[in-house]
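Those protein sequence lines, which keep their order, are chains A and B. Yeah, the first sequence ends on 286 if you go by the working numbering, and it's all consecutive. Yeah, the second sequence ends on 565 if you go by the working numbering, and it's all consecutive.
Hints listed in this document are in silico derivations from the structure and should not be mistaken for laboratory results.
If you want a taste of the chain A side facing chain B, the calculated C-beta under 10 Å gives, among others:
| no. | residue |
| --- | --- |
| 1 | Leu39 |
| 2 | Met113 |
| 3 | Thr120 |
| 4 | Arg208 |
Bear in mind that the values here come from a model prediction, so they are computed numbers and not experimental data. Backbone N, C-alpha and C define an ideal beta-carbon position, used for all residues, glycine too.
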Amino acid sequence: MALSKKITRSLMFAAFGVALATPFVARGQDTGAHVNGLTGNVEAGKQDYRRWCVGCHGKEGNGEGENAPYVDPRPRDFTEALFRWRSTPTGTLPTDQDLYDTITRGVVDTLMPTWRPLTPQTRIDLVAYIKTFSPKWKTQKPGTPITIPPEPPQMIDSVLHGRQLFDQMQCWKCHGPEGRGDGPSAITLTDDKGEPIRPYNFHDGTRFRCGETNEDLYKIFMTGLDGSPMPSFADSLKPQDAWDLVHFLRTLQPNVKSESRNVWLEYVKTHQGQIKPIGVESAGQ
Amino acid sequence: MNSPSMSKTINRIIAAGPALLLLLAVLLPAPKPTNAIPAFARKYGLPCSACHISWPELNNFGQVFRDNGYQMMNERDSPITRDPSYFPMTVRITPQWHRESADTQAVDNTPGVPSNGSHSGTLSTTGFDLSGVDLWFGGTLYKNISFIVLPSSDPTATFHFESAYVRFDNLLHTSWLNFKVGKFELDLPVSEKRLLTMSGDGGFYYIYHFTSPGNLNPFGGIGDNQLGMELMGHNANSYTRYAFAAVSSLDGGVNQSYGETVNFGNITSTFPPAGRTFDYYGHFEQGFNTKGNGFMKVGAYAYYGFAPTFFQTSGGTPIYGRGNKPFYRAGAEWKWYFNKVLFKGVYMHAYDNGILANFGLGTTRPPATLPAGDHNVVWNGGFLEGQYIISPQWIVIARWETIHMAQQANDGIVASMSGNAGNLNAFTIANRWNPFMFSRAGLALQQEYSFVKSNGITNQGGAFGAACATVPTCTITSSSLFFGVDFDF
Numbered sequence: 002m003a004l005s006k007k008i009t010r011s012l013m014f015a016a017f018g019v020a021l022a023t024p025f026v027a028r029g030q031d032t033g034a035h036v037n038g039l040t041g042n043v044e045a046g047k048q049d050y051r052r053w054c055v056g057c058h059g060k061e062g063n064g065e066g067e068n069a070p071y072v073d074p075r076p077r078d079f080t081e082a083l084f085r086w087r088s089t090p091t092g093t094l095p096t097d098q099d100l101y102d103t104i105t106r107g108v109v110d111t112l113m114p115t116w117r118p119l120t121p122q123t124r125i126d127l128v129a130y131i132k133t134f135s136p137k138w139k140t141q142k143p144g145t146p147i148t149i150p151p152e153p154p155q156m157i158d159s160v161l162h163g164r165q166l167f168d169q170m171q172c173w174k175c176h177g178p179e180g181r182g183d184g185p186s187a188i189t190l191t192d193d194k195g196e197p198i199r200p201y202n203f204h205d206g207t208r209f210r211c212g213e214t215n216e217d218l219y220k221i222f223m224t225g226l227d228g229s230p231m232p233s234f235a236d237s238l239k240p241q242d243a244w245d246l247v248h249f250l251r252t253l254q255p256n257v258k259s260e261s262r263n264v265w266l267e268y269v270k271t272h273q274g275q276i277k278p279i280g281v282e283s284a285g286q
Numbered sequence: 077m078n079s080p081s082m083s084k085t086i087n088r089i090i091a092a093g094p095a096l097l098l099l100l101a102v103l104l105p106a107p108k109p110t111n112a113i114p115a116f117a118r119k120y121g122l123p124c125s126a127c128h129i130s131w132p133e134l135n136n137f138g139q140v141f142r143d144n145g146y147q148m149m150n151e152r153d154s155p156i157t158r159d160p161s162y163f164p165m166t167v168r169i170t171p172q173w174h175r176e177s178a179d180t181q182a183v184d185n186t187p188g189v190p191s192n193g194s195h196s197g198t199l200s201t202t203g204f205d206l207s208g209v210d211l212w213f214g215g216t217l218y219k220n221i222s223f224i225v226l227p228s229s230d231p232t233a234t235f236h237f238e239s240a241y242v243r244f245d246n247l248l249h250t251s252w253l254n255f256k257v258g259k260f261e262l263d264l265p266v267s268e269k270r271l272l273t274m275s276g277d278g279g280f281y282y283i284y285h286f287t288s289p290g291n292l293n294p295f296g297g298i299g300d301n302q303l304g305m306e307l308m309g310h311n312a313n314s315y316t317r318y319a320f321a322a323v324s325s326l327d328g329g330v331n332q333s334y335g336e337t338v339n340f341g342n343i344t345s346t347f348p349p350a351g352r353t354f355d356y357y358g359h360f361e362q363g364f365n366t367k368g369n370g371f372m373k374v375g376a377y378a379y380y381g382f383a384p385t386f387f388q389t390s391g392g393t394p395i396y397g398r399g400n401k402p403f404y405r406a407g408a409e410w411k412w413y414f415n416k417v418l419f420k421g422v423y424m425h426a427y428d429n430g431i432l433a434n435f436g437l438g439t440t441r442p443p444a445t446l447p448a449g450d451h452n453v454v455w456n457g458g459f460l461e462g463q464y465i466i467s468p469q470w471i472v473i474a475r476w477e478t479i480h481m482a483q484q485a486n487d488g489i490v491a492s493m494s495g496n497a498g499n500l501n502a503f504t505i506a507n508r509w510n511p512f513m514f515s516r517a518g519l520a521l522q523q524e525y526s527f528v529k530s531n532g533i534t535n536q537g538g539a540f541g542a543a544c545a546t547v548p549t550c551t552i553t554s555s556s557l558f559f560g561v562d563f564d565f
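Produce the complete structure using the sequences and hints provided.
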């Protein structure tokens, strides 16, 4: 009986001893990934990456995981350090916060889920590890996040001007006159890897891949989606113009409640005959 | 029983235990890159490790996925978005070699002649075996509507429905309102159906199924899947969760209203034993981020149920149960996900009404009041478990579980056995390694040792049982050694 007690105690001490000792060894190199006072850890991130990310993004981070051939759109290739959802200008690296937000939010309408269930520390550890896949993170600094001016009131003038811009800038050629992602050029679009890519369908969509607020939409115009056909309009759009465009695009979303859509629907009631169709040059196609 | 030299050797081994474990960790093949659980993993292309600490135990990401009705919530959940050839099925079985041993067992002095008396002996069996098989179907029927159907068998392929339910999620567009109906595992503090240990003595949580000696309450325990409905809710990361279930007082039994033969307590009946009541279960848990050190969850749960104590009859034939008496199980939980280590502890306080415990489900109406010498039954128990996650493919598990009787059902049990009859201590240690991990199938090699020491359980019966009963400290120690290949596809 005494022997049995000893065995019990020893096994318990052994298991719990090993269990307790190791986590303290796990912390290691700091790569400078910082978000909300947390610092990412590459070694911990590597383990987390193996657990959650490797199936799609691949061991080498090149987007060639075992499931990649069955994933549409294809997983991000981290070796290029080319990221679409940024707060920084086109052609620059995203901030740690940008990467952290993408991991937290997930990417709607893709197989990239929200990783909000992971602890903040785990998410920043992943950011730290993702940054090891490209040498760019050692030679370049992230861009400076763009400044987003306060959003003006969602008035009909703003919506109408945004509509005019949508027409003049030929946004409809990809996104379609009704924002269904079915413009005449839509079928020809490819991303930087030559993979077919579909323009965003405002009519059916409720969330954007970079978020769901008006500010998120504003950021898309002014930063572009690097690696996709969606360019940055930072050089051609004034901040007020970008907000007008945001307000108009909200009118294309019947499944999203917005003040812009309300004022637009009121306007349509009284000005039905005066509204010029968008993309008239394609009307005959 | 052991020679001094052998004892010394064992003592040395014991002293070297931690070092041996570390050595084992070094010598075993190094895990290959993670590359997952079949039905859902195939659907979403994620490795098993995405949702499981080690399959089938869920990590918090898997918990959120489950709480969302097996949805990722990324507009790719409805079956209409999937390849039509996708079929949501998983099969799981565990071929194994195991050794089961128990001491203080009655062995006839003359084989085949019990009248010649018996002596105390240790019984051991060894050999290859099979677990039961799970045929697991689960998926979404539509956005926010999911299902699980799980026909499960014993090792001889006798099947029953372990789970079968449909679930409606995000009612009124909120994750706080989700509803399911059918047969399901209660939202326990720690899921037993997802237990990582598998041996004879370590393959379940004792507190979830414990019944005290001589206790005739037919309730099988909160570890049994129940038949009813559940309302549950959670926040975005499932740190805050609640579940409330109302289930039929049938301990999960099905098809009883159609005259199926059922074994219910001490009654075998071809008629339904239903007490025509409901049992209720509630669980709440709250998680906290512990800055830089993972996160912690604390919670509380309670099961309040009824069981009948006699039958209403027709022409002497049982019709349905009557004279329902209450019982409850209640307790608290604590879990700490700390980097590579997971600690969890569950405490339970249990109470069975004395009429129920002493008269069970009989054919005659029990007395209205508890006779002298009979008592309500009370016990306490709990377990502590530690898991060390070496990698997404490799985990070591250790658990200690204990149950202590606070009040026996009657004085007769105390006199013939002891006041602590039923007390037990159980210990399990396991090593589980997945040689590969990807999104198509799962395979785990498991080595496990478990033993349990029970007080005053005179399951040997007969003359020897009587002899044992005279010793208040009479204990039985049983152990299991297990080597299994657990796979699913």
